[in-house]
Amino acid sequence: MPEPTIYELSSPGRTGVTFPNTDVPKSNLPEFLLRKELPLPELAEVDVVRHYVNLSKYNYSVDGGFYPLGSCTMKYNPKINEDTARLPGFTFTHPLQPIETVQGNLALMYTLQDWLQEISGFAAVTLQPAAGAHGELTGVLIMRAYHKDRGDAKRVKMLIPDSAHGTNPASSAMSSLEVVQVPSDGRGNIDLEALKAACDDTTVGLMLTNPNTLGLFDEHLEQAIRIVHDCGGLVYGDGANLNALLGILRPCDAGFDVMHYNLHKTFSTPHGGGGPGSGPVGVTEKLADFLPGPLVAIVEESTEDEPALYGFFNPKKTIGRVKAFHGHFGMMVRAYTYIAMHGPDGLRQISENAVLNANYIKARLQGSYKIPFDRTCMHEFVAEGQWADAPGIRALDIAKRLMDYNFHPPTNYFPLIVHEALMIEPTETENKETLDAFVEALMKIAEEAKVTPDLLREAPHKTPFGRMDEVKAARDLVLCCWLPEDYGKE
Amino acid sequence: MNIPSNLKYTKTDEWFDPATGAMGLTDYAQGQLSDIVFVEIVTSVGEQTAPGKAIASVESVKAAAETYASASGKVVAVNEELSGNPEILNTDPYGKGWMVKVDGGENSALMDSGAYSKYCEERAH
Amino acid sequence: MTYIPHSPAEREAMLATIGVKSLQDLFKDIPARHRYPKLDLPPALTEMEAAAELGDLSAGNENIASDLVSFLGAGAYNHYIPSAVDHILRRGEFYTAYTPYQPEISQGTLQAIFEYQSLICALTGMEVSNASHYDGATAVAEAANMAYAQFRGKRTKVVISPTVHPQYRETMRTYVQGMNLDLCGDDPQADLNAGPEMLETLIDENTALVIVQYPDFFGRLYDFNKLIELAHARGALVCVAANPIALALFKTPGEMGADIVVGEGQPLGIPLSYGGPYLGFFTTRKQFIHKMAGRLVGETLDSRGQRAFVLTLTAREQHIKRERAISNICSNQGLMALAAAVYLSLLGRNGLRQVADLCFQKAHYAAEMVNKIPGYSTCFEAPFFNEFSVCCPKPVSKINDHLLDHGILGGYDLGQDYPALKDHMLIAVTEMNSKEEIDALVAVMTEVSHA
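First to last, the sequence lines map onto chains A, B and C.
For the first sequence, our numbering gives the first residue as 1, with consecutive numbering after it.
For the second sequence, our numbering gives the first residue as 491, with consecutive numbering after it.
For the third sequence, our numbering gives the first residue as 616, with consecutive numbering after it.
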């Protein structure tokens, strides 16, 4: 049964929190600027708490179950991270406090910059971008600025594979660059011939996700990167799939010039129901001057008596800041805690087990589902959600039926280059029983698709809510709680 | 699939009526997009348009597409009804769903209904 | 320690199913010479050790809970966060959930965001809110994006008041370098005593958007009615970046006729946390909805006839429109939007009004007392909310050093951003500052002027 809205639960005269009376002499409010009504709800604390607790029961979450969403890396979110991020020594610091009073914060940021550099091989890192897409925009602006700085005004095209996440072309367009799509070959690699043909002196660079969104490591990675470098372009790495490469490969070693990290994927910071994320960006030496400022640096070296003093500096040719203040510090604390607890060996184990788990599921699903690319996958793989002998059944139906087996569906309909795609990424934090249960559910569903297809078409049956009327949502737009005409008036 | 014989068609699923100068998207296109929820005509009366130039931006529940001019000419009318009732494109793409009318519409690269019908068949996967 | 459950035996069994001999066999596509780099990172810590290390780092700060009394604002404010907010945020069902793309199993997140959208519209006086942007600064940048899209690139000028937060203006300059837009008005040497009317000469037929802040960076309140009328007469849109607590008391930008109202939602139940994660709220009018970026939750019915919520108008977004999307935004600030919704629900009309009033009263008391100190004077005439600018007899850094010695975090040094405001301090006061604390601030400031 649906939970009423906060406005429907409201009752005049209630308040959840009150504050002390004023302890200063009264000043008059400017009459000409006063607002006449404030249509906010009125509830007691118990009402508010019950409301949100009831809402929470309608959410599937990682804490509740398996979430094999390809490209999202829904790994377990360690609880210690939630505690360290909430230490009052961190949460009660203001972003504009004098640097001498926040040496703890600056040491943490400096170290995290360092660690992220070490993990991917880059020379410099900014922690400022708020999310992956924000990091992409940052990286694209850096690439643009680099070429402009060299007086190379001809470069206006960004090469992007057809399997790329939508944020790649969108970030390029936000930087007024023309997007040129590059096809994939039959084995899921970027098509080298097409890439070569597209590279010329108007190329800003290539945005490459590797492993790509099919979960495949490009078999000609270094060649592809060389082709772009040869024409004077730069190579951007979309780090969304870094969970396959920790301690396995440093993207900078392979030739990437700039890359964003997703702390909310690879480094376990929680997804929050749609954020906050955090998208630091790493660059090679030649791009370091263009990073958004400020960056954290040691402004005074340590002496015998004094520890080093951390502070800020602005790179010489900075593209400028990409948001206010320093970035998502709360997520940095979580990522720091995570990396500190794993160490170099732990990080490598993350990727080894993430890749193991994905290949295990893939191996067990052979025969039940078509897997278009018959190669070892990395941390995720794509299967087709359709069968010739189950007419009318689509990936969507499989996804909805999985909910009846208590699993969150995998990513649907992405990447665009596979029909009825189901992108499955188990991550390293799932045990074998879970993986086996998931495989068995998928195999059962494959059976049902042929024998009792309506079970899929009308799924989910066991969840509190059924499929949504999305056409109605879009055509009869209702985007706010309904309120009576005079709500909130005195 | 509805493909009226009096109209001409482009490879990008637009139609053109040489008799009235009207153009829009085809039944095939609206079927691919499914439930359309938003249409924005991106050209205006007085502008010169040509094949390759967008005349409308269309959004459905799950997809988005640009509609391009199916012929060259000066725009003399745009369909004001569409923004308030985008579903007309699904129910009546060739009639009430016209998007733009041009004066002196020209395009030698247009297919007739037979050729377009074949083209649509070949594309089905 | 890691969070990987497998035992060696299980790993062996899995490798056998896959048909390879060892883990290494799964990585043969990695170029051999780069495979298995040695990462120079400190060895792994246990949870206990990590907790201690992070504890030490946090103790390396002076914080506003135990060490300092704060009068620092400038875009981030020390407001009281009711206990219930974090209890709800810590529920795993909320914070470990993903973006609600599968509505059947995400009604918690979806309804919470729908309610957030409603609450923000109520606060700003606007018709539609999205599910959030990263922060106030990027919300302003997205307003420019939206205006550019609204005019289909035919208007290429954005006018921004110099009294908008310096870091917001800097963010706009960064975004605009990649767009076909000219930024005007961004001049810290402009006459800061002139009201919003000073922008009028810059607004013309090529202006897509005018951006102002409410209260402005110096804490001042203006009615933008006339400016908005003039901008509209010239065909331009207006964006107001507003402080959400101020909106509890004062005329909304919606009522003034603004087309877009954005702002920093950190004051709504979100900790200072050294600058992030925060919350960019973004609202507009129904007619512009298709040019608005960001996620939107709409109401509908499910297949069983129940009222339910779902992400809607998703074809606007990057995963569908790709290079034709208005913005690249994907992740937003979901959990922070939840925090704001819980905060607003707990305080409600009465509580929020009370907080705003306390901020106003205490700030005005502080301003009056500071004004009385010989050598100090409040610099602007306009009415203000909870921040005000003070002309000081000595450099702000000197005064702040002295204040710090007394455990007080002084205001923002305006001279950093505005050459005409050297030796000017921006002081913020919230409901967290008692009369005693304000009196102590005044006492120390008095001391410094003599020293």
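Honestly, the hints are just simulated from the structure, not real lab data.
Hints may contain errors.
Unchecked claim - In the SDA-like style, the derived pairs of lysine to any residue whose C-alpha atoms are separated by at most 20 Å in a straight line are:
no.	chain 1	residue 1	chain 2	residue 2
1	C	Lys866	A	Asp486
2	A	Lys79	C	Lys866
3	A	Lys432	C	Glu662
4	C	Lys866	A	Pro30
5	A	Lys26	C	Asn965
6	A	Lys26	C	Lys1050
To be verified - Covered by chain C, according to a simulated footprint, are these stretches of chain B (three or more residues, beta-carbon under 8 Å):
no.	stretch
7	551-559
8	589-601
Virtual Cβ for every residue (Gly too), placed ideally from N, Cα, C.
Checked hints:
1. As the CA atoms of Lys866/C and Asp486/A are separated by approximately 17 Å, the hinted pair is consistent with the 20 Å bound.
2. Simply put, Lys79/A and Lys866/C have alpha-carbon atoms about 43 Å apart, too far for the 20 Å limit, and the pair is violated.
3. Note on Lys432/A and Glu662/C: the hinted pairing is violated, with a Cα-Cα distance of about 24 Å set against a maximum of 20 Å.
4. This hinted pair checks out: Lys866/C and Pro30/A have alpha carbons roughly 11 Å apart, not beyond 20 Å.
5. The suggested pairing of Lys26/A with Asn965/C holds, with an alpha-carbon distance near 19 Å, which does not exceed 20 Å.
6. Restraint check for Lys26/A and Lys1050/C: satisfied, since their Cα atoms lie roughly 12 Å apart, inside the 20 Å limit.
7. A stretch counts as covered by a chain when three or more of its residues have a beta carbon under 8 Å from one of that chain; for the stretch 551-559 of chain B and chain C the count is 5, and the coverage holds.
8. Counting residues of the stretch 589-601 of chain B whose C-beta sits closer than 8 Å to any C-beta of chain C gives 0, which falls short of three, so the coverage hint is violated.
This entry does not satisfy hints 2, 3, 8, going by the numbered hints stated previously.
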